[in-house]
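A.B. asks: Based on the sequences and whatever the hints tell you, model everything.
Each chain, letter by letter, is given below.
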Amino acid sequence: MSVLTPIAEDLWTSEAQPRLIGGKLASGKIVFPMPAGDAAAEVEPWPLSRNGTLWSFTRQDFRPKSPYEGPGESQHDFVPYLLGYVEIPGEVIVESLIVDAKLDDLKLGMAMELTIVPFNSQHTTFAFRPERAA
Amino acid sequence: MSDVYIIGAGIHPFGRTDHRSGRDQGVYAVRQALDDAGLEWSDIECAYGGSAASGAADIMVNELGLTGLPFINVANGCATGGSSLASAQYAVGSGAYDLALATGFDKHDRGAFNADPKSYGLPEWYGQTGMMLTTQFFALKIQRYMQLHGISRRTLGLVAEKAFRNGAKTDHAWRRSEVDLDTILNAPMINDPLTKYMFCSPAEGGVALILASEKKMRELGADGVKIANISVRTRPPNSFEVFQPAISVEEGGKPTVLASKAAFEGAGIGPEDVDVAQLQDTESGAEIMHMAENGFCKDGDQEQWLAEGRTEINGKLPVNTDGGCLACGEPIGASGLRQIYENVQQLRGRGGARQVPTQPKVGYSHVYGAPGLAAVAILQR
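Going down the list, the sequences are from chains A and B.
Residue numbers are given in our numbering: position 49 of the first sequence equals residue 49, and the series is strictly consecutive.
Residue numbers are given in our numbering: position 206 of the second sequence equals residue 206, and the series is strictly consecutive.
Simulated from the structure, these hints should not be mistaken for laboratory data.
Zero decoy hints are in this set.
In silico DSBU-like links for lysine-lysine, alpha-carbon gap of 35 Å or less: (1) A:Lys-107 with A:Lys-65; (2) B:Lys-196 with A:Lys-107; (3) A:Lys-102 with B:Lys-298; (4) A:Lys-102 with B:Lys-196; (5) A:Lys-24 with B:Lys-261; (6) A:Lys-29 with B:Lys-141; (7) A:Lys-107 with B:Lys-141; (8) A:Lys-102 with B:Lys-118; (9) B:Lys-298 with B:Lys-361.
Computed spacing ranges between beta-carbons, pair by pair: (10) A:Pro-80 with B:Ser-177: 24 to 30 Å; (11) B:Glu-214 with A:Asp-38: 46 to 52 Å; (12) A:Gly-28 with B:Leu-66: 55 to 61 Å; (13) A:Lys-29 with B:Leu-148: 20 to 26 Å; (14) B:Ala-75 with A:Pro-80: 31 to 37 Å; (15) A:Asp-77 with B:Lys-298: 44 to 50 Å; (16) A:Pro-80 with B:Leu-181: 21 to 27 Å; (17) A:Lys-29 with B:Leu-181: 43 to 49 Å; (18) A:Val-3 with B:Ile-72: 50 to 56 Å; (19) B:Gln-359 with A:His-76: 53 to 59 Å; (20) B:Ala-187 with A:Val-3: 41 to 47 Å.
The C-beta atom is built at its ideal place from N, Cα and C for all residues, glycine as well.
C.D. replies: Below is the structure:
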């Protein structure tokens, strides 16, 4: 199996415990992702905390059209996936895939943590999962 | 600005019309509106119109006649219809013209809208990883709203059940059959908590409205409905909208709330004065949330409102009397003008089987769309 590469460059840090890279505006407001091009001027890259709480969630039950590049070919081999928004306290509320959970497990306000997961045959992507008891 | 009246309204049935292009459905609606107002195309002094996916509107002159009138193409996403109407209102209200046309039409492919991240200024990974879907936004918004404000799944189903019941009574609706609550609730899920019957579908259709000055309306002896106010607003800081990879931790305003307040202030009335309302119901949850965002009830009151049938045609505040987007589908360029068309028919007492029985005097309509904009129009008899 070939080595998977991140779905985009500079989306998260290359630390052992990766963090998503947001941006801090001159006003102090935190945004995600880090803006690109001219919009990045005067924005300081800002690695976000790895932990947050679930703000909302849903499940994608049909295969999205292009530009979706998830695994499988059609609705027949499509596996529904979870996604939602995770509030990183004091920073920003990030939209993310959710892994290691079932729809029924999800509740507003539950503790979530960042993880990097295989996405398709070529790339990894970021996701949040319910925080595990130590 | 002087008062402006809608004196003619035409519609091409929504849904699927394989043999007719989107623009031709617009032309059909224009001819019907002209007939309704007792006018010829050559009487129209200026025109505004557009579509999201069916090309420019000004080419309609090929079919309607080369009268030389100024015809402005409007391309404003989900607010295309509302923006066309507002522009036509300004043209007449300013005194520059006495008769103007506002039209919108569209014809979309089947299935959910396909969004290109680049055209929204978003990174490619957002689309590649399957997070750039309008249906998800509505599910995420209502999921949180339901938990915070105690709205049940059954109430989501009641909204859809009402839409199909009203659609069954509406000539221009696409879905003309009632669907029972159990079928709606047990249908395949699209994005939890929303099943397939709780979402509207991209569709086809065309609408045309003819606007006149008060002087012209009297001269023609036309059956007019006054435009009390039209307000269009784009999103304020920190709002939660479609296609946002992240949102602010500070809770911001909502474009619907801003447009609604501006429209009520402009019309000099309040939510309690409204007799019939057409609210953006891209899905069942949107109608519920928009009831509160437009000022008709408090967050959470919808649970009781729906249980008591207060938004039924014979209820205290009938909502989406023609079945709304759920029963009519959503041809983007025409959808907002369909709401106006429906209110014009209701205020004129021409609603037929779906007529609000209390002789409505004030009609309210509200459109919401990407990337965070809202348009509200208030009509008065």
